Amino acid sequence: FGAMRIVCVAVVGKGKNPLFIKTFDSQVEPLKFHYIIHTSLDVVEERTNATASGRNLYLGLLCPTEDYKVYGYMTNSKSKLIVVVDDLDVKEHEIKNFFKSFHTIFSDAVCNPFYTPDEKISSKKFENEVAAIVKQKSPEAHNDNLAYLSENSN
Amino acid sequence: SEMAATQRGSVQTGETRKEVHESCFEFLQIEMLEWISQGGEDEFGELNPVAAQKIEGLGYSVGHRLAERFTKERGRLVEPLEIIKFICKDFWLEICKKQIDNLRTNHRGVYVLHDAKFRWLTKISSTDANRTKQLSAKFLLFPCGLIRGALANLGVNCDVSAEVVTFPTCNFTIKVKN
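Chains A and B are the protein sequences, given in the same order. Going by the numbering used here, the first sequence opens with residue 1, and the numbers climb by one from there. Going by the numbering used here, the second sequence opens with residue 1001, and the numbers climb by one from there.
These are calculated hints, taken from the structure and not from any lab test. Bear in mind that the values here come from a model prediction, so they are computed numbers and not experimental data. We put the CB at the ideal spot given by N, CA and C, even for glycine. Keep in mind that a hint or two might mislead.
Stated by the list, open to error - For lysine to any residue, the following SDA-like pairs were computed, each having C-alpha atoms within a straight-line distance of at most 25 Å:
| id | chain 1 | residue 1 | chain 2 | residue 2 |
| --- | --- | --- | --- | --- |
| 1 | B | K1054 | B | T1127 |
| 2 | A | K100 | B | E1094 |
| 3 | B | K1072 | A | L31 |
| 4 | A | K100 | B | K1054 |
| 5 | A | K16 | A | T65 |
| 6 | B | K1123 | B | E1034 |
What the hints assert, rightly or not - Covered, in the sense of this in silico footprint (three residues per stretch, anywhere, with C-beta under 8 Å from a C-beta of chain B), are these stretches of chain A:
| id | stretch |
| --- | --- |
| 7 | 51 to 61 |
| 8 | 66 to 79 |
| 9 | 109 to 123 |
Modelling step: build the complete structure from the supplied sequences, incorporating the hints.
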């Protein structure tokens, strides 16, 4: 018990353009997570602007909301990885490890010659790999509601 | 099915990387240039601008993607000079197993990367020295694209050109746009 529960993961492009969002809690309206992610991007900007001193890709806890904790990570290509977890006992090193795996999967997806950089990631392989590492970190049964970005939604 | 390993020295711990023999890339590049330049070469062996742009564009696309992969294990690169140094060291090490030998800059956005023995030129030869120099020009298009693409993805927009000094020494010139 006390395991963290990942309820949403996202990839955001160089600006504020979401490239991929996947939620893991069917009880919650997906739009709520979209909003949480969008809000957290302001914090990412603060932490990574020219005057910020940190040199880590991992940005730590961005903002706690009422129910969740939002963690961020920005790659050297200014792509953002965001993870939203249930506010249970969260171990920092587990989040860091998760981001490392997430980054590797993202980097592989970017290397796909059929993927256009900074556009939405539609690779099924990517989605499955992400779901697999989330499952690894959140072993409790959770609902696999696939509310990811489709062509039509924005 | 594993590919024939292993001219590449570095293997990241905890990950199994499939590796491909370097000669595969060398042969691929030769054929790529042949195919793209079909009939588009003048008697000096220079590619027409459209073909040249295609090859450089391919390099750009690959460099762009490699930048993500090769900056994965390191901290954040902030200053342009840091990013250029990354190209000279880590990036060059990954793609041709050595670092850039010398970096010069005018501190106003122009950088010259000097490779005393550019790996991808070392297998080229022809009957006379001048001809070799001419022929090698088109083999510099792809690496220019690689550099330009990698820099673009890391936030540095620039133009990249290259010239052979004395074979196989060459200089890559980066002009940062502002």
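Tested hints:
Distance check on the hinted pair: K1054(B) and T1127(B) sit about 28 Å apart at the alpha-carbon level, beyond 25 Å; violated. A threshold of 25 Å between alpha carbons decides the hint, and for K100(A) with E1094(B) the separation of about 20 Å falls inside it, so the pair holds. This hinted pair does not check out: K1072(B) and L31(A) have alpha carbons roughly 30 Å apart, beyond 25 Å. With a CA separation close to 35 Å, the supplied pair K100(A) and K1054(B) exceeds the 25 Å bound.
About 20 Å separates the Cα atoms of K16(A) and T65(A), which keeps this hinted pair within 25 Å; it holds. This hinted pair checks out: K1123(B) and E1034(B) have alpha carbons roughly 16 Å apart, not beyond 25 Å. Coverage of a stretch by a chain is defined here by at least three residues with a beta carbon nearer than 8 Å to that chain's beta carbons; for the stretch 51 to 61 of chain A and chain B the count is 4, and the condition holds. Using a Cβ-Cβ cut-off of 8 Å, 6 residues of the stretch 66 to 79 of chain A lie near chain B, which meets the minimum of three, so the contact claim holds.
A count of 4 residues in the stretch 109 to 123 of chain A with a Cβ less than 8 Å from any Cβ of chain B is obtained; the coverage claim is therefore met, three being the minimum.
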